[in-house]
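Protein sequences appear in the order of chains A and B. Once you know that position 160 of the first sequence is 160 in full-length UniProt numbering, the rest is easy, because the numbers rise by one and skip nothing. Once you know that position 252 of the second sequence is 252 in full-length UniProt numbering, the rest is easy, because the numbers rise by one and skip nothing.
Heads up, a few of these hints could be off.
Claimed, not checked - So the derived list for chain A, only partly shown, Cβ under 8 Å to chain B, looks like this:
hint, residue
1, G109
2, G166
3, V171
4, N173
5, F218
6, K245
7, G323
8, A364
9, Q365
What the hints assert, rightly or not - Calculated cross-link-like contacts (lysine-lysine; reagent style DSSO-like; alpha-carbon spacing at most 27 Å):
hint, chain 1, residue 1, chain 2, residue 2
10, A, K311, B, K97
11, A, K267, B, K277
12, A, K96, A, K201
These are computed hints drawn from the structure, not numbers from a lab. For clarity, every value in this text was computed on a predicted model and none was experimentally measured. Ideal Cβ positions, reconstructed from N, Cα and C, are used throughout, including at glycine.
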Amino acid sequence: MRAGGGWLPYGFSQGWERTHGWLWLLLLGFFGPRRRSDSPAGVMDSIIIQARLVERLLSPRTQAQRSHPLKLKDHEKQYVGFATLPNQVHRKSVKKGFDFTLMVAGESGLGKSTLVNSLFLTDLYKDRKLLNAEERISQTVEILKHTVDIEEKGVKLKLTIVDTPGFGDAVNNTECWKPITDYIDQQFEQYFRDESGLNRKNIQDNRVHCCLYFISPFGHGLRPVDVEFMKALHEKVNIVPLIAKADCLIPSEIRKLKERIREEIDKFGIKVYQFPDCDSDEDEEFKQQDRELKESAPFAVIGSNTVVEAKGQRVRGRLYPWGIVEVENQAHCDFVKLRNMLIRTHMHDLKDVTCDVHYENYRAQCIQQMTSKLTQDNRIESPIPILPLPTPDAETEKLIKMKDEELRRMQEMLQKMQQQMQDQ
Amino acid sequence: SADNKIEAAMSELVPEPRQKPAVPMKPVGINSNLLGYIGIDTIIEQMRKKTMKTGFDFNIMVVGQSGLGKSTLVNTLFKSQVSRKSSGWNREEKIPKTVEIKAIGHVIEEGGVKMKLTVIDTPGFGDQINNENCWEPIEKYINEQYEKFLKEEVNIARKKRIPDTRVHCCLYFISPTGHSLRPLDLEFMKHLSKVVNIIPVIAKADTMTLEEKTEFKQRVRKELEVNGIEFYPQKEFDEDLEDKTENDKIRQESMPFAVVGSDKEYQVNGKRILGRKTPWGVIEVENLSHCEFALLRDFVIRTHLQDLKEVTHNIHYETYRAKRLNDNGGLPPVTTETEENHESNL
C-alpha cells in the first residue's frame with residue numbers, strides 16, 4: 001500500500017511499510033483528506049509534525065520506542081486556531097472604520113447643538129444662522145445633515161448628525177414630525193433597495209441609529225407635542241429621551257420630573273430605547289454601573305461650548321454668578337452617563353437594534369404592502385409571493401435584464417467547459 | 001405736582017413711618033414770606049387716610065406655557081400663597097385641552113393698607129400641538145371685564161365704588177431659549193398689547209449665564225420693536241419729561257426682566273432669603289446680581305402700580321368704551337335697568 005505523499009526516501013519502501021504499517025496509518029490519519037491543511041495554522045502544524053516524524057523515523061530506534069507508539073501532545077491535536085477570529089474582525093473593522101447616524105430633535109433653544117458639540121468635542125454649527133421669530137412663523141420643519149470624520153487611537157468614525165430645525169416652533173405644530181418620519185422611512189427604503197440590488201459591496205448605511213429627543217425642563221412632564229412625536233417614531237428609530245438644560249432644575253425637581261416622565265412614557269405606551277440587560281457573568285462593578293444607568297433614564301443633561309476655571313482646573317462648564325456648573329461632573333448632571341452610554345458602551349447595540357428590529361419591521365411592512373397590492377391586482381401567477389425589488393423604474397429594469405442575460409450566457413459557457421473537461 | 005403724584009402713589013402703598021403731626025404745622029423756614037399757611041398740602045394726608053380705609057383693587061394676569069414658573073413668581077411677588085396652585089386647586093397639573101381662565105382673589109394687608117388682589121391664571125395657553133388663536137379666550141375675558149365695568153358705569157343708580165375687575169397688568173412669560181421670541185409670543189403680544197398693559201418677563205432666568213441673558217434681552221427688545229409691539233410702559237403715554245427719562249431707562253435697559261421665582265427660604269450668610277439651592281450654589285431671588293426679580297417687584301408694586309391702574313382706566317378702558325359707543329351709534333350699551341332712560345350721563 002502506497003500512501004502519504006511519497007516523501008520518504010526511495011530506499012524506505014516495502015520493508016518499512018510492513019513493519020511500520022502503524023506509522024503509515026498514523027500519517028494517513030494526519031495528512032489524509034480529512035485534515036484542512038490549507039489554513040495557515042493548519043499548514044504550520046502539519047509541517048511541524050512531519051518534521052518531527054521524519055526525525056524519529058530516521059533516528060535509530062530503541063526497544064522502548066518500538067513498544068510505545070508515537071503519541072503527539074494533546075494541545076497540538078486539538079488546536080484548530082479559530083480563536084484568533086475576533087482579532088481578525090477587529091483588525092478589518094478598524095481598517096474599514098465605523099459609521100453612526102445620530103438624530104437630534106426637540107424645540108429650538110433647548111441646547112441641542114451645544115450638547116452635540118460637547119458630546120463629540122467638535123464645533124459642527126459654526127456657520128449656523130438662527131432665524132428670528134417672524135421668520136419662523138412661516139418656516140416648516142427641515143432636515144439638515146452634518147457629517148464629520150473623527151479619529152481616535154487609529155479608529156475612524158464617520159459621524160452623521162441629523163438636525164431637525166423648526167420642530168415644535170410654530171404656532172400650529174400639527175404633524176410637525178411628518179418630515180422626520182418621512183426622512184427615516186426614506187433611509188430605510190434606500191437601504192432596502194441597495195440590499196436587494198446588484199452592487200452590495202459598497203452599500204451606504206444612512207439609516208438613523210439613534211434619536212436623542214430633548215424634553216423641555218420648563219414643563220411639568222411631557223407636553224402633547226412630545227407624546228405625539230415619540231409615538232410616531234418609537235417603532236422606527238431608537239428614541240433616547242433627554243431632559244435638556246438641566247441646570248435650571250434643583251435635584252428634587254429633577255427627580256420629580258424624571259419620575260413624571262417615566263410614568264407618562266408608560267402611560268402612553270411609548271417604546272423608548274431599552275438598555276440591554278448585562279450578562280450574569282459580568283463583574284459586579286459593571287452590573288452596578290448598568291443598574292445606575294437604567295435608573296437615571298431619562299438623562300438630565302447640560303451642554304457647554306465654553307471652558308471655565310473651576311477649583312484651579314479648566315473644565316467644560318457654565319459660569320453663573322452663584323456658581324459654576326461642570327458638564328462632566330456626575331453630581332451636576334447626567335452628561336457623562338449619556339456619553340458613556342451613547343459612545344462607549346451602547347453604540348454598537350444601537351446599531352444592532354436599528355438593523356435587527358426597526359429595519360426588519362420596515363422591511364416586513366414593505367413586503368407585506370407590496371404583496372397585498374399585487375395580489376389585489378392579480379399580477380403574479382406563482383402562489384409564492386416573492387418580489388425582491390419594489391417596482392423599479394424602466395431603466396434599472398432594462399439594466400437588470402441585460403445583466404441577467406449575461407449571467408445566463410456565462411453559466412452556459414461554464415457548463416460547456418466542464419462537460420469538455422469531463423469528456424477528456 | 002409730579003412730585004406729589006409720585007408721593008401719593010407711594011404713600012398709598014407703603015406709608016413710611018415718618019413722624020407725622022396730627023395737625024399740620026407751619027412749614028418752618030420755607031416760604032416764610034407767605035401770608036399764612038392754607039393747608040392745601042394736607043390733601044395728600046386725607047387721600048392716604050381714605051385709601052387706607054377703602055383699600056384698593058389690583059388685578060394681575062399671568063400668561064405663558066405651563067411650567068414657566070408663573071404661579072411661583074406671583075407667590076414670590078406678593079410674598080404669600082396667592083396663586084391658583086396654592087389655593088387648594090387641583091395639584092395634578094394636567095394640561096387642559098383649551099385655554100381656561102381662572103381668577104383667584106385674596107385680600108392682603110400691609111402697613112394698614114388693604115389690597116384686594118386678584119390673580120388671573122390662564123392654564124392651557126401655548127401647550128397644545130395646535131395653538132392657533134389660543135389668545136382669543138384671553139382677549140375675550142379682558143373685554144368682558146371692560147364690558148362689566150361699562151355696564152356699571154352707565155347705570156343710573158350706580159354703585160358708589162364700582163367693583164373693578166379689569167385686568168390692570170398682564171405678565172407675559174417668555175421661555176428662556178436663548179435664541180429669540182417664539183412665533184406664538186409675537187402673535188399674542190401683537191393682539192393684546194392694544195387691549196391691556198403687557199409686561200414681558202423672561203421666566204426661569206437661572207438657565208442663562210450673564211452674557212446669554214444680555215444678548216437674549218437685546219434680541220427680544222429688538223424683535224418687539226421691529227414688530228411694533230408696545231409693552232408697558234408705553235412710549236405714547238409718558239406724560240412728561242421726567243416720566244419719559246425714567247421709563248426710557250427701564251424700557252431700553254431693564255426690560256424684559258429676567259426673573260427667578262422661589263417660595264423656599266434658605267440660610268445664606270446668616271440671613272434667611274428666598275432662593276433655589278443647586279449643587280453648585282444658591283440662587284438668591286432678591287439679589288440683583290443673580291436675577292432681576294427685585295427690579296420687577298419694585299416696578300410693578302412699588303413705583304408703577306398706580307400708573308398701571310390709571311393707564312388701564314384712562315386709556316385701554318376708554319378705547320373699549322369709545323368703540324362700544326360708536327358701535328351703538330353714540331348711545332350707551334342698553335341694559336334692562338336703563339331702558340327708559342337713554343340720556344347719556346357719561
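Using 8 Å as the Cβ threshold, decide whether A:Q365 counts as touching chain B. Hint violated; A:Q365 Cβ to chain B Cβ min 26 Å, cut 8 Å.
Hinted contact A:A364 with chain B - closest CB pair below 8 Å: violated (30 Å)
Minimum Cβ distance from A:V171 to chain B below 8 Å? Holds. Min distance 5 Å.
Please check whether A:N173 passes as an interface residue: C-beta within 8 Å of a C-beta belonging to chain B. holds (5 Å)
Does A:K245 pass the interface hint, meaning its C-beta sits closer than 8 Å to a C-beta of chain B? holds (5 Å)
Does A:G109 pass the interface check with chain B, least Cβ-Cβ distance below 8 Å? Hint on A:G109: holds, closest Cβ of chain B at ~2 Å, below 8 Å.
Holds or violated: are the alpha carbons of A:K267 and B:K277 at most 27 Å from each other? Given that 27 Å is the threshold and the Cα spacing comes to 32 Å, the pair is violated.
Interface hint outcome for A:G323 [beta carbon to chain B under 8 Å]: Holds - the Cβ of A:G323 comes within 8 Å of chain B, reaching about 3 Å at its closest.
Please work out if A:K311 and B:K97 have their alpha carbons no farther apart than 27 Å. violated (49 Å)
Are A:F218 and chain B close enough, Cβ to Cβ, to be under 8 Å, as the hint says? Interface hint status for A:F218: holds (4 Å vs cutoff 8 Å).
Take a quick look at whether A:K96 and A:K201 sit within 27 Å of each other, Cα to Cα. holds (12 Å)
Hint check: is the beta carbon of A:G166 less than 8 Å from a beta carbon of chain B? The hint is violated - A:G166 has no Cβ within 8 Å of chain B, the shortest such distance being about 11 Å.
Checked against the numbered hints above, the structure violates hints 2, 8, 9, 10 and 11; every other hint is satisfied.
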